[in-house]
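> Use these hints to put chain S onto chain Z, whose structure you have.
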Amino acid sequence: MNTTSSGGRRIGFVVGLVVILSGFAYLLYGGIGENLVYFVTPTELLEKGESAYDAPVRLGGQVAPGTVRWDAEALDLRFAITDGQKTIEVHSTGAPPQMFRDGIGVIVEGRLTREGIFESTNLMVKHSNEYRPPAEGHPPSEMYRSLIREGES
Amino acid sequence: MISTLGFGTIAVALALSVYGAVAAVVGVRTRRPELVQSASLAAYVNFGLLAIANLAMVYALVVHDFSVSYVAQVGSRSTPLFITIISLWSALEGSILFWGLVLAAYTAAAVYVHRNHPGPLVPYATAAMLSVGAFFYMLLVGPANPFEAVWPVPPDGPGPNPLLQNHILMAVHPPLLYLGYVGMTVPFAFAIGALLSGELDATWIRMTRRWTVTAWIFLSLAIVAGMWWSYEVLGWAGYWAWDPVENASFMPWLTATAFLHSVMVQERREMLRVWNLSLIVSTFLLTILGTFLTRSGIVQSVHAFTQGTIGYYFIAFIAVGLVFSLILLTGRGAELRSPGNLDSALSRETVFFFNNLILTAFTFTVLLGTLYPIVAEALRGVKVSVGAPFYNKMTLPLCMALLFLLGVGPALPWRRAEPDVLRRKLVIPGVAFLAVAGASLALGLRQPYTILTFGFAAFVLCVTLGEFAAGARARMRAHGESALVALGRLINANRRRYGGYIAHLGVVSMAVGIAASSTFQSTRDVTLRPGQSVRAGRYDVRFDQLWAQNEPHRFVVGADLTVLIEGREVGRLAPRLNFYGDRDEPITTPAVRTRPDEDLYINLMAFERDGSSATFQIIIEPMVVWIWIGGGIIGLGGLVAVLPGRRRREVAVAADTYPVAAGKGGDV
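First to last, the sequence lines map onto chains Z and S.
The working numbering numbers the first residue of the first sequence as 11 and each following residue consecutively.
The working numbering numbers the first residue of the second sequence as 13 and each following residue consecutively.
Just chain Z, with the same shape it has in the complex (with noise of 0.2 Å):
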């Protein structure tokens, strides 16, 4: 093998690697910017107007106490989602994550119809790894305590 040759092929390798990256790069800038969810609170999403409605986003907030409506025949829940100022009522439907409750901290995933309502197509808890006591007097082992065995402690 001449030095010629191998000189060329070293350029036309680098020349493919190079082609063959950048083509990655363009299809990886065009996929992260089709793929945002942006995470925005009830306030932030009525603050962006005409943009706000129908476009897939991360809504995070407290479940409005007094809001739950929750039909377990027909597994349709319906609650609003508050920051604090501003409330947008969600629906959802299929089973609620275990627990699910007034105050309890959560993020939806969906988008906002031109009726004002938020469509839910996914439901998080939103976890504290932080202790923190239940509510004067409702601990789980109290609430539920009728439904232990007979003979069980």
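I should point out that these hints are in silico values taken from the structure, not numbers from a laboratory.
Some clues are possibly wrong.
Stated by the list, open to error - Under 7 Å between C-beta atoms, here's a sample of chain Z residues computed to sit facing chain S:
(1) PHE34
(2) GLY41
(3) ILE42
Every residue gets a Cβ at the ideal spot worked out from N, C-alpha and C, and that includes glycine.
Quick look at chain S alone, frame taken from chain Z:
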């Protein structure tokens, strides 16, 4: 008392690491072997010190000594003994302490095994390992000190994170992960040693091959154990969410896997020197990046990160490691030019080259997806997440290409393939590919990636099993051995190659499991009253009763379910909700019935307080178990490749290549 002992041992270890790193370098430069000796001694002593510190922490946890800050943070008198012991790695400080022990163990072992290797390579590598050690011990005496004294001493603690208490796999996953992560320090240190000493041939690669494969086995098993944990505990019947924490363990695995393949090219053909050095440096830095991502809180929020200081230490360490490695690499530029040359595009070298290209592209994709939200939040102040569609869109084509190469690679010889031979070797696998892909189409499958995965699985299976069969048949003919003996001796005679092929079979098993379970998963939510049953797939699931019970460290609400197939009872399942320490957020504990063909996976989602009804999520997911089995096979393949073969040892000693042999053979 324990605080003082623990802190003291770590402080001494830090001092010894700094001393040892300096002594090793000065000793080599000034040709004073006694200085190098003292650095080795520092590595051995450090192992003892870290063992003492870890034992002290375990002791403090077990006796509930809440005057130690880490115990006050994760301990609790009601936690069972076993979980108390493993809570050593349940939070930041303890896991860095455990990391320090693993690193000290690897360092001492590597220094010991290679102590008789002549030349400056090992002392430089020792200095590199001790420097990494110094960084972690510095964390332990500074921002991540687990031994801080607490006053006044609290009477009890909150216990470890409930998610970590809820499943036995949490006893397994973190140690495996650390053994994998930290093990990559050894080949990295030898790469740095090679650059500093100028011994740029494949010596450092041969010496560290067993270390790298060992770390890679642990990392592979850790990733699969993490997937399994996610499946069994998190209640979503999934095993991979492209979560930053998962990505953190996956990225170094990708580059390490690329490295395991590309080093063979250097060993055989003396090509890809710079590439191999870059790969192992990247792998090491990605393990540190992974720890940074998982432990600094930056993934949750940039703000959580800036509240703590430990993140800055990691960033500084990564930056120093990157700059230092780059300077060394560019400084050796001319000497690193490869003497070898590619002979033909149709060769195993080419396949390895593409394998590396794809694995690198894969790593970049995951890295971009993982870091993008962090950068976006830091620069633009918006919170975004990169969805799974991005990863799937980008990486599925790469996965298909990798599966294809998995089949082609073993069929191609080094240097140059004769097209005729290749065609003959690939006819049957090609037919198998067409048959399986065609059958999938005929059965109504329309997802292109699933069809391709099944087809390539058949392709790879044929090529790989063909390699085993051809080798065994040749032995049977040549030595008159029986089929099983021939197969065993074949593998034993070339453990590295056939270990690799076994790992390939594991990858195929995983690929099929992932493709089938993600394509054919079906979910159904249903609310039932006691005595009612519901049809799901071929099962009838009957809800018998709701119950609750007190356990020492938790309160449990569960549902008894009976599973029937065609009216015949085939099993009982009891999905539960576990409430730890009276937190009112329960930890879900799904009940899973695992069979080779499919899993029946049931969550208890909600219930009426009087037990009159309960809501369940019933998920049917085919072939999930083959993912875990595949993980096991990958580990087994690695083990075959790493264990010393009896027949090969003499050769190895003569060539002074393999670590074990080098240690034992030095006196010969």
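> Does each hint fit the structure? Answer for all of them.
Hints, one by one, checked against the model:
Hint on PHE34 (chain Z) holds. Least Cβ distance to chain S is approximately 5 Å, under the 7 Å limit. A cut of 7 Å between beta carbons decides the hint on GLY41 (chain Z): the least distance to chain S is about 5 Å, and the hint holds. Hint status for ILE42 (chain Z) relative to chain S: holds, with the closest Cβ pair at about 6 Å, below 7 Å.
Hint compliance for this structure: no hint is broken.
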